[in-house]
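Modelling step: build the complete structure from the supplied sequences, incorporating the hints.
Same order as they appear, the protein sequences are chains A and B. According to the numbering used here, the first sequence holds residues 1 to 419 in order. According to the numbering used here, the second sequence holds residues 1 to 419 in order.
FYI, nobody ran anything at the bench for these hints, they're computed from the structure. Careful: at least some of the hints might be erroneous.
Pairs count within a copy or across copies, as identical chains cannot be separated in the list.
[To be verified] In silico lysine-lysine, BS3-like type, Cα no more than 27 angstroms apart, as pairs: (1) K224 <-> K255; (2) K237 <-> K406; (3) K308 <-> K388; (4) K396 <-> K308.
Quantities reported herein were computed from a predicted structural model and do not represent experimental measurements.
Protein chains: 2
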Amino acid sequence: MAKKNAFYAQSGGVTAVINASACGLIETARQHKDQIGKVYAGRNGIIGALTEDLIDTSKDTAKAIAALRHTPSGAFGSCRFKMKSLEENKLQYERLIEVFKAHNIGYFFYNGGGDSADTCLKVSQLSEKMGYPIQAVHVPKTVDNDLPITDNCPGFGSVAKYIAVSTLEATFDVASMAKTSTKVFVLEVMGRHAGWIAAAGGLASTADAEQPIVILFPEVAFNKEKFLGRVDELVKKFGYCTVVVSEGVQSADGKFLADQGLKDAFGHSQLGGVAPVVANIVREGLGLKYHWGVADYLQRAARHIASKSDVEQAYAMGKKAVEFALKGHNSVMPTIERVSNKPYKWKVGMAPLNKVANVEKMMPKNFITKDGFGITDKCREYLAPLIKGEDYPPYKDGLPLYVRLKNVAVPKKLGEFKI
Amino acid sequence: MAKKNAFYAQSGGVTAVINASACGLIETARQHKDQIGKVYAGRNGIIGALTEDLIDTSKDTAKAIAALRHTPSGAFGSCRFKMKSLEENKLQYERLIEVFKAHNIGYFFYNGGGDSADTCLKVSQLSEKMGYPIQAVHVPKTVDNDLPITDNCPGFGSVAKYIAVSTLEATFDVASMAKTSTKVFVLEVMGRHAGWIAAAGGLASTADAEQPIVILFPEVAFNKEKFLGRVDELVKKFGYCTVVVSEGVQSADGKFLADQGLKDAFGHSQLGGVAPVVANIVREGLGLKYHWGVADYLQRAARHIASKSDVEQAYAMGKKAVEFALKGHNSVMPTIERVSNKPYKWKVGMAPLNKVANVEKMMPKNFITKDGFGITDKCREYLAPLIKGEDYPPYKDGLPLYVRLKNVAVPKKLGEFKI
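And the structure:
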């Protein structure tokens with residue numbers, strides 16, 4: 001194949017390590033200058049391709065690109081944008097081909113979750129369906145850990161580590177305060193559909209040092225009486241407890257617990273989080289003093305406490321994506337295959353994109369304890385290696401040295417395109 | 001002075017480094033076994049003294065005590081309990097003397113903030129007012145940074161570092177999402193009366209790398225129009241912004257912004273945080289998509305990202321408290337005196353407790369920018385050294401190795417006492 005340029009873009013919610021994938025991808029592409037010309041990044045994901053808003057990554061130094069490995073967030077901007085099918089919006093695909101042609105792009109790398117895998121799959125079919133030769137490789141990323149086939153998703157391990165560490169720290173805090181003050185701490189974590197992130201809170205309790213933790217999973221319908229019973233039991237035994245609650249927890253009637261129909265003084269409805277709702281349930285049901293926190297973006301941006309496994313895997317996904325493309329693969333995604341737990345060993349596998357796109361991997365039922373409030377040993381065995389190791393960013397004056405790239409635009413060659 | 005035992009207790013909200021003070025104090029006491037017998041810790045602060053619930057710290061190994069240096073929270077339990085004056089509740093003071101006598105306690109160390117300094121002051125007067133010879137030294141601790149005389153308070157630097165790092169990380173995140181999704185991230189931080197912690201969010205923006213950050217201080221009456229104007233301005237310039245809001249922000253009429261009179265579907269009032277309130281104001285006023293987080297206990301328990309300056313100072317406060325007592329001082333508190341900013345140098349000073357108790361140090365007016373939404377260079381100069389350096393705890397299997405002491409009770413010699 002003649003030398004072609006590559007397109008790379010980041011999609012969906014960003015993570016602490018998606019830039020590590022970008023780093024692995026760009027560094028590896030730079031090692032193959034005979035086959036890959038330039039890596040053009042899409043500014044704000046696929047939107048950058050559609051609007052011909054490309055970033056010339058070669059304008060950033062090797063040092064800056066290397067710093068992506070320890071910089072959270074999406075360095076080129078991300079987007080929440082799902083392309084329709086070829087039949088529904090052929091114009092967009094024709095535009096993509098126009099842009100790819102104009103910039104001699106023969107490789108398409110898309111870094112995202114399930115929706116993005118679908119976009120990548122559609123692009124991979126351009127070759128067959130519209131006669132434009134392109135190799136599309138998906139680079140997995142999602143804190144939700146819900147991509148199929150791969151053992152785990154880059155981005156998840158670091159959120160899991162953040163939640164495990166934060167749950168441990170907050171539990172130590174509430175333990176100190178319980179005698180005369182707060183007895184229950186409620187931490188809201190991400191996870192609309194699957195309880196992977198909430199499960200990580202369970203890692204704070206270990207065989208060596210049991211911690212009183214109650215987990216509320218989106219997979220388990222919220223039962224107020226059972227919940228209060230469990231909190232009461234733990235507070236009686238330990239004097240305190242921590243509740244880790246998924247944002248997506250629902251009651252038996254399928255309503256989000258967070259949606260309590262709150263109205264402000266003017267009667268306007270207010271969207272609160274689920275943490276204050278759960279905290280109020282504890283106060284009203286048991287009369288216990290509480291505190292609550294909502295980790296929100298902090299959990300997925302927390303590169304300062306990223307998991308070393310996660311960083312290494314994210315980097316490897318970017319690197320392998322390039323290597324797969326250079327070997328002629330199209331419509332695939334590198335995966336993480338677990339080889340062993342103790343010691344933790346993994347290798348990179350490959351999955352066909354049509355088996356990945358739009359498939360959501362839920363948490364196995366046997367990862368949740370029978371009472372619905374904890375994680376099983378099987379779950380612990382799965383999660384533990386993913387939070388292993390620390391990979392601290394460099395610091396200057398007390399702050400992490402995160403990089404902002406120059407993100408120099410590639411001169412446009414085409415007219416405008418409205419999306 | 002004949003060899004006496006020491007009493008040590010932790011009081012008020014705990015911090016990431018209050019145990020580092022305990023570590024400094026116990027290790028230093030152990031080096032002076034000729035003068036100090038045992039260090040008895042009060043279980044749950046002064047309550048432990050009143051109820052004769054003492055912990056024999058000598059039952060914990062040197063290794064366990066050393067691990068306190070990197071363990072957040074209060075290892076002996078804290079309390080929120082303010083002793084009344086001698087005139088109002090003489091019984092309590094007589095009880096203290098009874099307990100001190102029974103356990104041969106001649107040194108009293110109390111580790112806390114303003115209220116605790118007041119308790120410590122009262123105990124220091126027992127010698128004079130009730131004829132019981134005791135030396136009372138206060139060990140400063142508070143995330144609120146509101147103790148007078150000392151340049152800063154142990155515990156604050158680590159919260160400040162956590163908030164600065166988290167604000168930086170969340171700002172990177174929202175920057176990535178802004179094109180098609182979230183444009184404003186709101187982070188709620190501690191600070192009922194003073195904006196010290198919120199101010200730390202301002203450190204995320206530096207001369208090298210400006211970040212669009214709006215700070216809402218409790219010192220500045222909330223003005224909705226001005227606030228929306230500032231957010232609008234930053235979003236227009238950068239595409240996004242982060243709002244760091246103190247829990248104690250009030251409107252011009254003196255009401256907490258967090259107290260919006262929210263009612264649930266049953267008409268029960270609900271206490272939410274201030275972050276969702278501010279987020280709603282942004283949505284209603286500017287129609288921008290937002291995310292919000294509430295750091296709550298996570299910020300003050302985050303030993304994993306503690307400031308090295310803070311850990312060293314906390315340790316030094318505990319150590320010096322013992323040395324002051326051994327030199328015969330009573331009714332004093334070690335302080336941190338700033339010697340220079342660049343390089344940051346500090347030394348330990350000494351303050352009389354009657355100048356410390358019940359005095360709240362507010363943030364200087366010239367630390368807040370004229371528009372009320374940012375920090376001045378003067379503030380930055382003050383804050384920057386306090387978040388300097390990292391002091392990571394050791395890890396095992398991905399989690400920090402925080403210690404739980406044995407906390408062996410000292411056999412009781414007296415009857416019960418109701419508090």
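Now the hints, each set against the structure:
1. K224 <-> K255: Within. Shortest intra-copy distance 14 angstroms satisfies the 27 angstroms Cα cut-off; inter-copy 33 angstroms does not.
2. K237 <-> K406: The answer is between: 17 angstroms across copies meets 27 angstroms, while 56 angstroms in one copy does not.
3. K308 <-> K388: Answer is both; intra-copy 6 angstroms and inter-copy 24 angstroms each pass.
4. K396 <-> K308: both (21 angstroms within a copy, 13 angstroms between copies)
The structure shown violates none of the earlier numbered hints.
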